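Could you put the whole structure together from the sequences, leaning on the hints where they help?
Each chain, letter by letter, is given below.
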Amino acid sequence: MTASQPRYRVPAPKLRPGDAPDFSHLDIPAAGEAKRPGIDAGWAETQPLALGLIRALDHNHQAVGEWDPQLQPDVLREGLRHMVLTRVYDERMQKLQRQGKMSFYMKSTGEEAVSVAGAMAMRNSDMVFPSYRQQGILFVRGRDIVDMMCHCISNSRDNLKGRQLPVHYTWAEGNFFSISGNLGTQFPQAVGWAMGARYKGEDQVTASWIGDGTTAEGDFHSALTLASTYQAPVIFNVVNNQWAISTFQGVAAGDAPTFALKGLGYGLASLRVDGNDFLAVYAATQWAAERARAGHGATVIEHYTYRAGPHSTSDDPSGYRPKDEFEKWPLGDPILRLKNHLIGLGEWDEERHEKLEAALNELVVKSYKEAESHGTLHDGPLSPVPSIFEDVSADPDWRLVRQRQDLGV
Amino acid sequence: MTASQPRYRVPAPKLRPGDAPDFSHLDIPAAGEAKRPGIDAGWAETQPLALGLIRALDHNHQAVGEWDPQLQPDVLREGLRHMVLTRVYDERMQKLQRQGKMSFYMKSTGEEAVSVAGAMAMRNSDMVFPSYRQQGILFVRGRDIVDMMCHCISNSRDNLKGRQLPVHYTWAEGNFFSISGNLGTQFPQAVGWAMGARYKGEDQVTASWIGDGTTAEGDFHSALTLASTYQAPVIFNVVNNQWAISTFQGVAAGDAPTFALKGLGYGLASLRVDGNDFLAVYAATQWAAERARAGHGATVIEHYTYRAGPHSTSDDPSGYRPKDEFEKWPLGDPILRLKNHLIGLGEWDEERHEKLEAALNELVVKSYKEAESHGTLHDGPLSPVPSIFEDVSADPDWRLVRQRQDLGV
Amino acid sequence: MNMIQALNSALDIALEKDPNVVCFGEDAGYFGGVFRVTAKLQEKYGLDRVFDTPINEGAIAAMAIGMAAKGLRPVAEIQFADYIFPAFDQIISEMARIRYRSAGQFTQPIVMRSPWGGGIRGGQTHSMSPEAFFTHIPGIKVVIPSNPYDAKGLLLASIESDDPVIFFEPKRIYNGPFDGQADGALSSWANHPKGEVPEGHYTVPLGKAEVVREGEAVTVITYGTQVHVALAAAEKSGIDAEVIDLKTLTPYDIDTLAASVNKTGRCVIGQEAPRTSGFAAELSAQLQEDCFYALEAPIERVTGWDTPYPHAHEWAYFPGQQRFINALKKVTETA
Amino acid sequence: MNMIQALNSALDIALEKDPNVVCFGEDAGYFGGVFRVTAKLQEKYGLDRVFDTPINEGAIAAMAIGMAAKGLRPVAEIQFADYIFPAFDQIISEMARIRYRSAGQFTQPIVMRSPWGGGIRGGQTHSMSPEAFFTHIPGIKVVIPSNPYDAKGLLLASIESDDPVIFFEPKRIYNGPFDGQADGALSSWANHPKGEVPEGHYTVPLGKAEVVREGEAVTVITYGTQVHVALAAAEKSGIDAEVIDLKTLTPYDIDTLAASVNKTGRCVIGQEAPRTSGFAAELSAQLQEDCFYALEAPIERVTGWDTPYPHAHEWAYFPGQQRFINALKKVTETA
Ligand SMILES: Cc1ncc(C[n+]2csc(CCOP(=O)(O)OP(=O)(O)O)c2C)c(N)n1
Ligand SMILES: Cc1ncc(C[n+]2csc(CCOP(=O)(O)OP(=O)(O)O)c2C)c(N)n1
Ligand SMILES: [Mg+2]
Ligand SMILES: [Mg+2]
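Protein chains in written order, with this note's numbering: chain L, 2 to 410; chain P, 2 to 410; chain E, 69 to 403; chain Z, 69 to 403.
The hints are simulated quantities; they were obtained by calculation from the structure and are not laboratory data. There is no bait here: all hints are sound.
From the structure, some residues in chain L lie toward chain E, with a derived Cβ separation under 7 Å:
(1) L161
(2) K162
(3) T171
(4) A173
(5) T186
(6) G193
(7) S223
(8) T230
(9) D392
(10) V393
Reference listing, derived: stretches of chain L covered by chain E, where coverage requires no fewer than 3 residues with Cβ under 8 Å from a Cβ of chain E:
(11) 174-182
(12) 397-409
Note that this is a predicted model, so its numbers are computed, not measured. Glycine residues also receive a C-beta, built at the ideal position from the N, C-alpha and C atoms.
Here it is as structure tokens:
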């Protein structure tokens, strides 16, 4: 038999490879329109925000409206620097992966504002349970780039002893949880951590990040249910970059107009923000963090953005979506937009920007040289072979002792 | 250490054993107020209905408003009969369980309208995936009472060969799926069945029922996500009887004001109905069934009711909630309310009601005598012992052949 | 004490002793659990230390994971072992691997308690023995007591362990030992030596099995309810069987097991779970490797059938005395 | 054909032949799966027969259960075997038991396909071999092919089976056989006899193992990728080993296994999964029961370690030729 009219609705994107990118069907609310309720707002008060779009940077790159966090120029420059560094780092690591220096890599290109502005709006003492696309947080929190690279190339200085795939960072000192390869599992865990912080009498806030596609997992429901029941101080970030590998957001969303709307069903405050607008992401995160710290419970924040690159180094988007969609993405590039905002303020210029890029490129190249001096996945040195038997539990039982003997190490 | 101020919010009911029942804090919308949108309504149009309460029978037992299904008196009398039979059956079976005639039993007392009106508003050819508290559906669909009892006492005529706990009915002929002891699993399965019906070009609608407590399971999220994505012809009934064994609804609901609200987060039409109002349950189910059949997709219906009896024969509510709450439940008893409505219409009277109860009591007693003639759990005869090795798969492999030999049967 | 009281006493002591211990589960708070194991503890320790959870086992496990990573010692109850599977992914993919994948930066001192096993006419969803699944997960310990004394000591040891423990409680023997004779009189722990449980704190070490009956003719290895069935079968059979209560399944006490099998040269292993790939298979495989030259007959497995747990014919499924006696005869008569 | 093409051909034929067959999974529709096993099928058979699902493995299983009960024959893809656990409850509590608990009123003709096993530098979440869990579930069949010819024939047989089948695909050998030498040259199926795959419909029977190398000195039993490692090890070792490709784990082909072990008197069983309670334990336990008097040495298990699957040191975990050779020597040299 051959293809016929589908007997049930199977969502499909309007455009596929070969089509010209076209986002004209989107109507995007103007910057500055959204109202900013008090941090003790009930879920119902946030409904317009869950269905709308919080934007602070207008088309002239001016900061407008109630959600302008009114940041000092040096804070903005710091954010710009972290975003540029994130992009430079991603580009470099992807190249190195292609050269066989590491087994795998995942870029966050186009989504830098989500992780950088989100992290900057929180305290470094706040806890994060990220997915694999928020490396920007690590730059904000000042993790040593060489250490990050040593993890990615699984060498002798990898703080994870070569056990995890690249980009699956863990950094306890930086209040950065162990990234899981299993989607969604971190979301309800973040609630447990947040309750633990409350239990210990700390005012620590906990944030987690999840993709649009992963909102379909049961763990998403577990997380929002727990947070609503125990009123936990959590920020649930849904990074809607519109793609889950080859699957467009509509397959997870179904008839739901936004992902933020899902949060309202649990009685949680829910916001939808322009994820490529550094100021909007900052302001929304700041609102949610204050709300959580003040004891008003959790917030769901949908970050509306676009996955500019392939899903990972194992993926080629040309097989399922139009080329150059990112160039046409109406909400633009988060780095360009913040850059232009700073220039508009007279606090930045092209020359300084080029210098910054050059400096960060150099930093990354230099860092990689140092990282490589501690070994690479292929040529070693790696963490010692017997280390594969460590940390299974506090101390190895007889089975691992025997197995290590069997391996002869 | 001893009890201190809780460090995170743990929801608890206002009243516990020893307290006098009190529902004065509830403000219950008047009957007839709710508007009835077209069956093609979008989720947003249903929001007032998801937050309000659909009621058709007013305090004088008159049918009022747009949600009055305008049923003929004989249909109402049929509904009354099924509800009375359900209650009589439940009472009897519970007694018999106490006498050791069966291992376990679960009543649906106080919730009869949910299953009876729901089933009557659907076609018998529609598929149902019930939980363990919708036996009313079986009476509506005309299942032989003796067969039902034979299952409950696990005798030689149990159509499930004694394999399932009592009340975990299966009746394929009646389009009644196998009831699972695992909470919530039937909800997403119902979507798969509904898609299968569509796939086969049938206009069959599929309904499932789940408890307030079970909405917390991941399967609830799976079900609503699938239905929203594939626009499946499903009715998701959430039976909010306010208790999950000893746990009050607030632990599952958290800050969500209603369970119906959860449906909106998926872009699904969502209704909240007075579950003790036969007419309202009928009308809401009819609306959802028409909507599904017309290809407009799924509906979530929260049935606001009260679990009048213990959770099961293994439970004693006096350990966790005030006595006699059901007597004080402002939405009353579904049987009494329909009875008084019929009397108000001049279509029923006390004498006929007593006759009906007597007749149904007799029917149940007589049926049990017959059922017992096919054996009981303790004295047998049961399904033949070797039958425990049947139906594991289409044909037993060598392992079961050997194991049957080991058992010597 | 009966086993419920013993477990309750262990939790009471743990809550008293360590402010980081919290207990939660479905109906485990105010009501004290459907089997009353957490009874009165919320009243005593407060709403935030002993509390009810939504009905979502995966959420319960995930909450425990997050709390444990933060430094608490959660003791989570899964209402029945049959309902632990919605939590399976959080347990195998997360709880079991977080220490490893974080190279020790985060640890998981968690106990997942759950009533386990059949013999209570619970049907296929209140009778399962899913221990084998968890014994195949690196990083997880599996503990199953067979009496009140061990239940308390093993639970305290599990709570004090710095790694996740799946703690299964044989509900058939909560109130008294059970020799496998369905029609026999109900016995109580009152007149059983292992029913004598000290009020105070003590632990029973994880990873150690106990020879509960000495014998020369054959070694019987089992755990939980089956320990009592095996003991009764040994008595009845008149065979000089050595019976070992395993207590901890992973890591199992290979030294005690191998020493006994090397002594007797014969071995019967009992489990209530379905036969194929049950834990008896692991023990049999490892013991034939370690004790091959001492074995005088094949190691026999006494197990449940490869079927779901039936309801009406529960006793045709449950491995009772006769099935142990047949196995004992078979391994001692051969060769 | 390579294994991906063979599996794609099987699905193409099944979709063509039976209008009730539907295929779905994460990225399995338009894109044709991250390993391209369902490539081009949506285009050919339509959106409602081959489609993408939300990322929720439990929902995928539940949808398959509902569809199968209604009379469809769903073939669901789980993107990696490591991600099947969110579906574990629906599989063990529902899919496996619906025929039983409904006394045959509803059946579950379902295939759950999933790329399985390591050796691709996938780290701990893209390398697992979770087959043992499923072999402990009554009502479920577990199938693991080792080459393109079997992959196609076994997949068609699984789709035509009236009961649920967990079908694991050794992704390391999707594109060519792998002898376990990480540094060795990549070989392709093109020049392998089992790479010759008929275009049309055929089945390879479930429940039947195959002797892929005849020998007298020792029996080696394994499945999936390890079949090729075992064959290479047999060659290298110079030991006259008989190698059996199990193909179906449950129900396993006891007759073929026992006949071989009775002949050789020695046995090595290979599995890539962690050792404790892996499927090799079941085979070892049953074979020592059935072949005890023929055995001249302990049955050896060659397995992964009781650790998560490491990333950088993947080859220190993966049971390669040397570990098979050591085992072959050990069992043939002893006694
Ligand atoms: C439980 C689980 N299922 C499937 C996968 C395979 N997988 C890895 S990433 C991915 C897509 C995730 O998309 P999304 O949630 O939108 O996050 P994004 O990659 O866009 O940031 C999938 C299906 C997985 N890692 N874990
Ligand atoms: C997966 C699972 N977890 C726990 C249980 C134990 N259990 C049986 S009924 C019940 C309460 C269900 O409450 P609710 O969903 O409100 O339904 P109700 O009994 O009120 O109709 C629980 C926790 C179960 N059967 N399955
Ligand atoms: Mg995405
Ligand atoms: Mg309820």
